[in-house]
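So the protein lines, in turn, are chains B and Z. Each residue of the first sequence is one higher than the last, beginning at 8 in our numbering. Each residue of the second sequence is one higher than the last, beginning at 118 in our numbering.
Since the hints were derived computationally from the structure, they do not count as laboratory data. Do not take every clue at face value.
[Unchecked claim] Cβ-Cβ distance ranges computed for the label pairs, FRET-style:
1. ARG328(Z) to ALA324(B): 53 to 61 angstroms
2. TYR219(Z) to LEU76(B): 55 to 63 angstroms
3. VAL201(B) to TYR252(Z): 45 to 53 angstroms
4. ALA340(Z) to ARG207(B): 28 to 36 angstroms
5. PRO295(Z) to SER133(B): 41 to 49 angstroms
6. TYR219(Z) to LEU154(B): 51 to 59 angstroms
7. TYR219(Z) to ARG317(B): 52 to 60 angstroms
[As the list claims (entries may be wrong)] If we take Cβ atoms under 7 angstroms as the criterion, some of the chain B residues that face chain Z in the derived model are:
8. SER106
9. ALA113
10. TYR123
11. LEU124
12. PHE245
13. LEU300
14. ALA311
Where a beta carbon is used, it is the ideal one built from N, C-alpha and C, also for glycine.
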Amino acid sequence: MSFDVVLRSILSAAFVGSVIRVATPILLPALGGLISELAGVTNVALEGLMLIAALVGVVISAFTGNAWLGCLIGVACSAVVAILLAYFHLNLKADIILSGLAINIASSGGTIFILYLLTKDKGSSSKLASLSLPRIAIPVLDGMPVLGPMLSRHNVLTYVAVLLVFLIWVFLYRTRLGIHIRAVGENAEAAGSVGINVRRTRYIALMLSGVMAGLGGINMSMGYLNMFQRDMTAGRGFIALAAVHLGNRRPLGVALASLFFGFADALSNQLGSLAIPPQWVQMIPYAATVLALVVYALQGRAAAVERARRLQERLQAHVEATGGE
Amino acid sequence: MKERRKQGWFEFARAVGTILAALLLGFIITLFVSKEPIAAYRAFLLGPLTRTNRFGNWIEESITLTLVGLAICLVFRARQFSLAAEGQLYLGALVSGLVGLYFQMPALLHVSLAVIAAALVGFLWGLIPGLLKAYLDANEIVSTLMLNAIAIRIYNLILTYRLKPPEAGYTVSRYFHPTALLPRIVPETRITTAIFWAIAAVFVVYFLMYRTPFGYALRMTGANIRFAYYGGINTKRVIYLTMAISGIFAALAGAHLSMGIHQRVILNVSMGLGFEGIVVSLLARNNPLLIPVTALFYGYLRAGADIMERSSDVTRELVMVIQAVIILLVTAEGFLAFLQRQMRIRRGAELAEGKEAGDVI
Numbered sequence: 008m009s010f011d012v013v014l015r016s017i018l019s020a021a022f023v024g025s026v027i028r029v030a031t032p033i034l035l036p037a038l039g040g041l042i043s044e045l046a047g048v049t050n051v052a053l054e055g056l057m058l059i060a061a062l063v064g065v066v067i068s069a070f071t072g073n074a075w076l077g078c079l080i081g082v083a084c085s086a087v088v089a090i091l092l093a094y095f096h097l098n099l100k101a102d103i104i105l106s107g108l109a110i111n112i113a114s115s116g117g118t119i120f121i122l123y124l125l126t127k128d129k130g131s132s133s134k135l136a137s138l139s140l141p142r143i144a145i146p147v148l149d150g151m152p153v154l155g156p157m158l159s160r161h162n163v164l165t166y167v168a169v170l171l172v173f174l175i176w177v178f179l180y181r182t183r184l185g186i187h188i189r190a191v192g193e194n195a196e197a198a199g200s201v202g203i204n205v206r207r208t209r210y211i212a213l214m215l216s217g218v219m220a221g222l223g224g225i226n227m228s229m230g231y232l233n234m235f236q237r238d239m240t241a242g243r244g245f246i247a248l249a250a251v252h253l254g255n256r257r258p259l260g261v262a263l264a265s266l267f268f269g270f271a272d273a274l275s276n277q278l279g280s281l282a283i284p285p286q287w288v289q290m291i292p293y294a295a296t297v298l299a300l301v302v303y304a305l306q307g308r309a310a311a312v313e314r315a316r317r318l319q320e321r322l323q324a325h326v327e328a329t330g331g332e
Numbered sequence: 118m119k120e121r122r123k124q125g126w127f128e129f130a131r132a133v134g135t136i137l138a139a140l141l142l143g144f145i146i147t148l149f150v151s152k153e154p155i156a157a158y159r160a161f162l163l164g165p166l167t168r169t170n171r172f173g174n175w176i177e178e179s180i181t182l183t184l185v186g187l188a189i190c191l192v193f194r195a196r197q198f199s200l201a202a203e204g205q206l207y208l209g210a211l212v213s214g215l216v217g218l219y220f221q222m223p224a225l226l227h228v229s230l231a232v233i234a235a236a237l238v239g240f241l242w243g244l245i246p247g248l249l250k251a252y253l254d255a256n257e258i259v260s261t262l263m264l265n266a267i268a269i270r271i272y273n274l275i276l277t278y279r280l281k282p283p284e285a286g287y288t289v290s291r292y293f294h295p296t297a298l299l300p301r302i303v304p305e306t307r308i309t310t311a312i313f314w315a316i317a318a319v320f321v322v323y324f325l326m327y328r329t330p331f332g333y334a335l336r337m338t339g340a341n342i343r344f345a346y347y348g349g350i351n352t353k354r355v356i357y358l359t360m361a362i363s364g365i366f367a368a369l370a371g372a373h374l375s376m377g378i379h380q381r382v383i384l385n386v387s388m389g390l391g392f393e394g395i396v397v398s399l400l401a402r403n404n405p406l407l408i409p410v411t412a413l414f415y416g417y418l419r420a421g422a423d424i425m426e427r428s429s430d431v432t433r434e435l436v437m438v439i440q441a442v443i444i445l446l447v448t449a450e451g452f453l454a455f456l457q458r459q460m461r462i463r464r465g466a467e468l469a470e471g472k473e474a475g476d477v478i
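The shape of chain Z in the complex, shown without the other chains (with noise of 0.2 angstroms):
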């Protein structure tokens, strides 16, 4: 027990060494490259929490990255390396903005709807990918990079052929009917009731996979694919239905945008969300209850460096490199197996002189 604590602190440290790392990298780039560069950090890690509209755009933000983490979280504990969350953000955008745009009916029910759909449609697109795993061990990476570059020419497909009005000057839909907007719950912001959808997410995945059958064979496919099969669980079923379950978050996720933020669909709607989402996943360890936390930790930096470019010379890219600094040290284990052996030795030496005795692995 007291192992497993000091382990679950080791980790936490170890995550949080990591942040410092990258953002001191982060930092001494911008000493290179900018005239300013105390006051283009000091945008960079305090600017969203200068303004309302900016304060939203950090929870915005933090939103759809707890959903597409969530998403990358589920499919990565069962270690399929699906990618397909891009491709399902879009169908998700798209499908809800649908609903949207040609259905009239109440409120709430409009928005259920639209958000059924686009999980629905979102979940069809993963089954995919994950049937073609489960049955044919087809390379999931390239099926579902595959799967998303289809997705995104169906949406700029119907996006320009059918949603763009003709008198419209750029490709862009109509403004979807009000009663398919998601409710602004925080004035001057676009923070709206889809932080609940999020939260409630956070606990069903978490439900999911710590208290059911299903997230037991889940996490045992992940430990251990060959031992989970010889121990009766029926490995396919649980490949082809996480990477199904899993497109439901991400195509949620496409549903908040189109829903909450735009209000209508747009061109590129994601720049590559659904890779971002690993970051949020990596750095919560695939552990959906600190999902939100790392997504809002990420969230902030996007929204941080969004605020720099605008009011330094540093361009928002920066964030970018910080990104992959972040996710090469965390996936280095050999980086942490190295810091864990110096601890090691550290305890034997204490150890040898006889201070501790209780546990040793």
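If we strip away everything but chain B, and leave its shape as in the complex, we get (with noise of 0.2 angstroms):
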């Protein structure tokens, strides 16, 4: 009996409008791993600069009284630390991953440290009056019996998350600074030696990927919640790392591997009401992420199968047109 109120709630269109609801904080710093990525630099710090863009975004709409205003200058925030990354990356030489993961740890102890100066609390910011960015009602949806619910009324920067996917594949396969970017990450050295600026790209890069890590997470604190919490992002900057892989590093894919973790994350949400344990339902877009890794490199190899087989008939070919000369 209560499996059927389960199916009966996902196969609601509320149940979709919190799959988006949920996945758009996982998406946004996706979009920026990707873009790090093609760049061949693996920006580990998307869960640290989500946090940093969330407590300012909702620091500086307490104090200011203007949302947008928190909005933007917790993206700049994100985008300068991500610049800063950038600097002892490619500058001082430092790993990308290890130094990845000291941004993480002084943001998480940072901004823990920065919300109890403010609060006196470490846990959350509810003693401050922040504002969250508006919903959005979409004018002939909203009033829609099924696709009202599922698509209307989300926070403004679901659909500015959406819209981005879009523009994102036009910046990275239509654009000359894209194109650079994705020849970069393919042959440093090849791009290098055709005139591009390996490491101006690799700065535009990560500090890309900050701004977008950085409206995750102003859509964590001031849209999915309406504060601050300590360590809020629980892991979503690593979730939006993996939702690269498993999105074959492509927009429109790591767009559904973000939706996939998002309707895991509701899914779950949903088990409350059933014996299921609810670990149960978060492990599968882990293990799925896995799985992809696996497929995905078994077809590299296949095609590099492939081509190989391709030269060798070529080769073939002409040994035998040119009579083994």
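Hints are included, so try docking the two chains, each in its own frame, into the full complex.
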């Protein structure tokens, strides 16, 4: 009987709405992670960058009374720290993974430290009268029976995220800078030899990933919740990194992977009425990501074998045509 | 030879300089935020020595950090960015707990069985990302982060649904059978015989790394994987075995936490200890013999931060900022190169004056 209840709630429009809501703070940093990953720099600091923006957004909005200003400054802070990370990696030759982890540690501790300074509370910013970004009712959709609850009245950043999936696709595949970013990630030496400024390109990629992670953090504290809580990102920055790989490093794939993570998350919340422990469902996307790593690796290998075989054939044909010269 | 010794001293001076710079930064922050900055920082820097139980906390912490640090040291030395220690630690704590709760046998045997079970699980949990990396070139950062998340879910699942007695108010298991507890060797503290494992583990890792063919292969793989491969080293085997062996030490840290410190399975047994091991290993420049030293240092900082939080208006998170600064300064090789260049320029000037004509690089 209770299984029935869960099934019905999953098939409801409200559930789809909650999947989208939960997927947003994964999708935004994942898009950032995608850009830096394609530039050949793995940004493991997404988690910390999100926390920084989440806290700064809340604090600025509480002190200025302007949510958008909070969003702007929060994202800017995240971008500045991403540039700092780029400086350590690209100029001071620090390892990108280790310095990224350092940024995470500093952000986790630093945000709690500052939160305590401002509110004398280490848990959350509930004492600050912070603001949230608005939810948007889509004019026509809003009134519709099924599509309305699914797609309308989400936080404005959810729509921004959807828009960004397409903008980033255009950016990466149709603009000069985007193509440079992918070239640098594919083969930095080759890209450098044709005159692409590798360092500058990577700086830009890391900065953009900081902007995206910042938007994700703002979404956490000024949309998903209406306050900052210590370590509120709870691993979403790392999940975002996984979504990049699960999505096979393509914008649309990353979006689908984020939705998948969102689905599992929303589903595990629904399972309270069933005897199934939520941990089982929570494990699924992580296991799927490991599986995806395997599948993509095998695909990549099959493609390489295929290329080698074709080259062999062509050589064979060439040898036969020239009579073994 | 002289050059090498000079290099060693330079490394040492650099580590000390890094630590001092990070502590100074911590002090500057304290000055800004605290009403009594001197008292707060004194509590931070001297606190762990003021009472037996505080001293105990420091040593307990250092045992865990030594074991995790050794786990990280192994994989980093082979240049594998495996972050699996966190998950392995959880599974080690869980499995040793299962043995402690469900088996009954004489003390020595019980502890040994629990430890071996934990080590085995750590090994296997490291083998998975190791094989994926070695044979499929699957990104070990992503795979280990995923496996950590899975390990923590398994831990919570079994703890919540199997180990937690129905009458317990919060999510913990029963205390283990006394035969499965590590004997405490210093009164008023939770310092247990695990301190001997930690010391033994340091020498085991050192011996493995510097006195065995496998260790040579490991170091060669870390130095230059292509060179190692063309030199006839089975680099695939090195990769998966290193990641698996590293898991043993992380799992031992978990066993120490559940059998020695908490004496039962608790929720959130590690809040990022796997990542803290990275600082310990980096500060030791991935040298196993230095890891207990840096673990003691870092354990001291953490114990001090706890005391500072309790006795002043500065929160313990200050130590995380200090930790991050240490990582950034230690890994910034460009920074090192800059310092060395300065030294070389100075030496060049001395050479030009004909003072020293011995060793030029």
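Hints versus structure:
{"no.": "1", "hint": "ARG328(Z) to ALA324(B): 53 to 61 angstroms", "in the structure": "55 angstroms, holds"}
{"no.": "2", "hint": "TYR219(Z) to LEU76(B): 55 to 63 angstroms", "in the structure": "58 angstroms, holds"}
{"no.": "3", "hint": "VAL201(B) to TYR252(Z): 45 to 53 angstroms", "in the structure": "34 angstroms, violated"}
{"no.": "4", "hint": "ALA340(Z) to ARG207(B): 28 to 36 angstroms", "in the structure": "30 angstroms, holds"}
{"no.": "5", "hint": "PRO295(Z) to SER133(B): 41 to 49 angstroms", "in the structure": "44 angstroms, holds"}
{"no.": "6", "hint": "TYR219(Z) to LEU154(B): 51 to 59 angstroms", "in the structure": "53 angstroms, holds"}
{"no.": "7", "hint": "TYR219(Z) to ARG317(B): 52 to 60 angstroms", "in the structure": "58 angstroms, holds"}
{"no.": "8", "hint": "SER106", "in the structure": "6 angstroms, holds"}
{"no.": "9", "hint": "ALA113", "in the structure": "3 angstroms, holds"}
{"no.": "10", "hint": "TYR123", "in the structure": "5 angstroms, holds"}
{"no.": "11", "hint": "LEU124", "in the structure": "6 angstroms, holds"}
{"no.": "12", "hint": "PHE245", "in the structure": "5 angstroms, holds"}
{"no.": "13", "hint": "LEU300", "in the structure": "4 angstroms, holds"}
{"no.": "14", "hint": "ALA311", "in the structure": "11 angstroms, violated"}
Hint compliance for this structure: hints 3, 14 are broken, all remaining hints hold.
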